[in-house]
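S.K.: Chains as they are written, first to last, in the working numbering: chain F, 1 to 377; chain X, 1 to 432.
Just so you know, these hints were derived from the structure itself, not from any lab.
Incorrect hints may have been included.
Stated by the list, open to error - Calculated pairs, SDA-like style, for lysine to any residue (alpha carbon to alpha carbon, straight line, at most 25 Å):
| # | chain 1 | residue 1 | chain 2 | residue 2 |
| --- | --- | --- | --- | --- |
| 1 | F | Lys357 | X | Phe28 |
| 2 | F | Lys337 | F | Gly98 |
| 3 | F | Lys354 | X | Met397 |
| 4 | X | Lys105 | F | Arg192 |
| 5 | X | Lys208 | F | Gly355 |
| 6 | F | Lys354 | F | Asp40 |
| 7 | F | Lys298 | F | Leu174 |
| 8 | F | Lys354 | X | Ile215 |
| 9 | X | Lys138 | F | His27 |
| 10 | X | Lys138 | F | Pro28 |
| 11 | F | Lys154 | X | Arg113 |
| 12 | F | Lys191 | X | Leu107 |
| 13 | X | Lys134 | X | Pro116 |
| 14 | F | Lys354 | X | Leu399 |
| 15 | X | Lys208 | F | Pro28 |
| 16 | F | Lys357 | X | Asn206 |
| 17 | X | Lys15 | X | Phe28 |
| 18 | F | Lys191 | X | Arg113 |
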Amino acid sequence: MNTELPPGLALQKVDERIMTLNVGPQHPGSGHMRIIVQIDGDFIVACDPDPGYVHRGEEKMAEYRNYITNIPHLERPVIHDSCNILYPYVLGVEELLGIEVPERAKYIRVIAAELNRCVYTMYWLAIYGIFLGHSTMFMWPAGDRELLIDLLEKMTGARVTHAHFVPGGVRNDLPPNFEDVCLRQVNYFEKRIKEYAAIFYDNPILIARTANTGVLSREDAIRLGTTGSVLRASGVDYDIRKKEPYDVYEELDFQTNVLKEGDSYARSKIPWLDMLESCRIIRHALQKMPKSGSVRVKLKPNPKGGDASVYKRVESGRGSLGCYIVSDKKPEPYRVKLSVPSFRNLIALPYLLKGEKLGNMPSVYWSLNYWPVEADR
Amino acid sequence: MSVIAPNFKFSEFVKSILDNAFWILLIFVLIGLPAVQVILFYIEMPVINGELLTPFLALTWLADPSRTLPILKAFMTTDLFKIVAFPGFGFAALIAAGTIFVERKMLAKLQLRVGPFYCGKFEGILQLMGDGLKLISKEIIIPAKADKPIFWAAPVIFVATAAAFVALIPVAPGWVVADIDVGLLAVFAIIGFFPIITILSAWSSNSKFPFIGGIRALHQMVSFEIPMILSLLGVVILTGTLNLSEIVESQTNFPWIIFLPIGAIIFFITILAELERIPFDLPEAESEIVAGWLTEFSGMIYGLVQLATYLKLYAFAALFVVLFLGGWTGPMIWPPFPEEIINEGIVMGPITAKIPGLPIFSQEMLNGVLWFVIKTVGVIFFILLPRGVFPRIRIDMLLSLGWYKLIGLAFVYIFIALGLLYAGVLGPGGIL
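With the rest of the complex left out, here is chain F (with noise of 0.2 Å):
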């Protein structure tokens, strides 16, 4: 009999100065994954990532489920950026069941996803900042994170399960006065993620550790096929917002945010740019977003796709996430798949991480902007 162990728990021969260590899953620097690192020293000789500890079958669940009921368990995978991960496979059910969507509903879907992608980053970042050791950058974040947290309750009734996305537009209006208190908090929002500069990004300290760190050069950034703050960190101006707008994107004044070094710095500012660049969107939206009008369409009970396929991107908080839907006339999909970018981003990780200190695992590892229950989804 063959049994085959999976890598880390079989006995490897290896040379003697070599130290196994296994970082996860119980392990304050991992996530919900394991990470097998062979140091030598303090050097990283290899390293070699283990998700697959929080799947859950996403895409088999939505095998079951008609479009609608789909919705609720598909942003489960990345809870805190629930309504970019809904966004893809709405698109794509609209499509599929050619339906129009109203004007109003396209930009509170614009505001929703931008609030969101915030919120998301800054729970990002205080990880990222309590894995630096800076417990200050940990307490901010996912304090000012609540202002936004309020504004989805408001808009959509939950903190942060908002399953407010539905195929024909989004589930409820927006309750009165909403824009006022949208439009004070965003202000008062971006005000705040500015004082982080003085305290975190400006940090002495900070900038000699992570700069110079995983660099990610260029060529390789595309090669390996990362997505979102990554690739953008590494100099490609590629965002989907840009590329192939979705609802009312090509509407709406901004600018993507890039940079050339590739290195750990770069890839932990470019998050923390675009929140600022969300900022201006929510502004700008509020602005152009008509005053009154529907908000969804109606749909018949149980719909039915035709026997067609379609792929539809967004650009999350993480990158460009996908969804290719798969319709044979009956009210479930036939498949859905999500193509996600914290897998496509944790391939740079073990490539990133040879010959780095150890010290550098967590910045290298949290900075490819990396959400391990998305990965595993």
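Given the structure of chain F, go ahead and fit chain X onto it with the hints provided.
M.R.: Here is chain X on its own, set in the frame of chain F:
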């Protein structure tokens, strides 16, 4: 399951109490009393008014209340009091407990949160007691393949070493547990113990993350001991003594930090590293190596390590005060003791009570302790502050800081001190 005493019988309850009382009495008679007698036999008791202070004499305050204060005063000069209570362990533990509370509240204010709040009536002031109770009640888990004697011994030795460090600190004129002529040398000897304890505890737990943490602690402490010793050399050159009390007395006119600021800065950075505080908390870097060399500690073993860590924090801050900020010296701000109470007694209605033995503490001592505590608390505040502001640095940055920058700076500083000495400005026979 959770019914309290399901088969409660009153007779068994009484029997259990009597059993316990019997065993306590037996142990007390067979072990406790002989032990107390042996201790009393060896402790040298002071003489007051021509009488030797024996335990029996100490009880005479019950018959004659006017003897209370002289007996108390005499007890305060004993070594036992000095070691257990005032300049020694009790005082240091009190400051350490205050440090933990202030650290948590201050950090919470900095990070826009509340911090300990519910335990105790005022702002969670009893949180430390709650934490201590929790740690005591927890099970102590030891790794199966650990070297058990060393694993048990290391935290105890750590506390003992930190307490020995505390014993060398002079708090007020004459108030020091061990007033020895080679005080600073003894400090260096004690500091040299800490990396050994760390690596012993890390290695004995037979686990990977503590081992890496222990090796990091060893690197860090050894590489920062050299600039630390060099940074104290300038003070020794200028005072010509190793006795810590004499070093304090040499600063009655001005503290050394005025002439030796570089040494003070080097010493401050090195104590941050020796104490494993952020930004130098590499041995406990949680996102890399769980909790470093503390990973396998649980229950009260962990509590002991924390106690020793904060005793060490107090001792290093106090050493900074003694060497660079002038220890207990400072303007007299403590009000003098009212003489009329000594001469005329206290008038309480129709009775005038004469209390012999007042004042218990002299004005100089109280003033010295006040200044010492103010300065120490200030230094501790600056030791705690980087935790809210800086991230952790990397081991190679740490080593290059220790071996290149700080040692180089320390040599510059020693030449400045020597220059001041030979120019005749400072030191024995200097102008100032």
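S.K.: Work down the list of hints and note, for each, if the structure agrees.
M.R.: Results for each hint:
This hinted pair does not check out: Lys357/F and Phe28/X have alpha carbons roughly 58 Å apart, beyond 25 Å. This hinted pair checks out: Lys337/F and Gly98/F have alpha carbons roughly 20 Å apart, not beyond 25 Å. This hinted pair checks out: Lys354/F and Met397/X have alpha carbons roughly 19 Å apart, not beyond 25 Å. Restraint check for Lys105/X and Arg192/F: satisfied, since their Cα atoms lie roughly 22 Å apart, inside the 25 Å limit.
Among the hinted pairs, Lys208/X with Gly355/F is consistent with the structure: their alpha-carbon atoms are about 20 Å apart, no more than 25 Å. For the proposed pair Lys354/F and Asp40/F, the alpha carbon gap of about 11 Å is at most 25 Å, so the pair holds. For a cut-off of 25 Å, the pair hint linking Lys298/F to Leu174/F stands: about 18 Å separates their Cα positions. Distance hint between Lys354/F and Ile215/X is fulfilled; the C-alpha atoms sit about 22 Å from each other, no more than 25 Å.
Proximity of Lys138/X to His27/F is assessed by CA-CA distance (about 21 Å); at most 25 Å being required, the pair is judged to hold. For the hint linking Lys138/X to Pro28/F, the alpha-carbon distance of about 22 Å falls within 25 Å, and the restraint holds. In summary, the hint linking Lys154/F to Arg113/X is supported, as the alpha carbons are separated by about 24 Å, within the 25 Å threshold. For the suggested pair Lys191/F and Leu107/X, the alpha carbons sit about 22 Å apart, so the restraint of at most 25 Å is met.
Proximity of Lys134/X to Pro116/X is assessed by CA-CA distance (about 15 Å); at most 25 Å being required, the pair is judged to hold. Proposed proximity of Lys354/F and Leu399/X is supported: the alpha carbons are some 22 Å apart, at most 25 Å. A threshold of 25 Å between alpha carbons decides the hint, and for Lys208/X with Pro28/F the separation of about 15 Å falls inside it, so the pair holds. A C-alpha spacing of about 23 Å is found between Lys357/F and Asn206/X, which places the hinted pair at or below 25 Å, so the restraint holds.
Using a Cα cut-off of 25 Å, the hinted pair Lys15/X and Phe28/X holds, with the two alpha carbons roughly 20 Å apart. Distance restraint check for Lys191/F and Arg113/X: the Cα-Cα separation of roughly 19 Å lies within the 25 Å cut-off, and the hinted pair is therefore satisfied.
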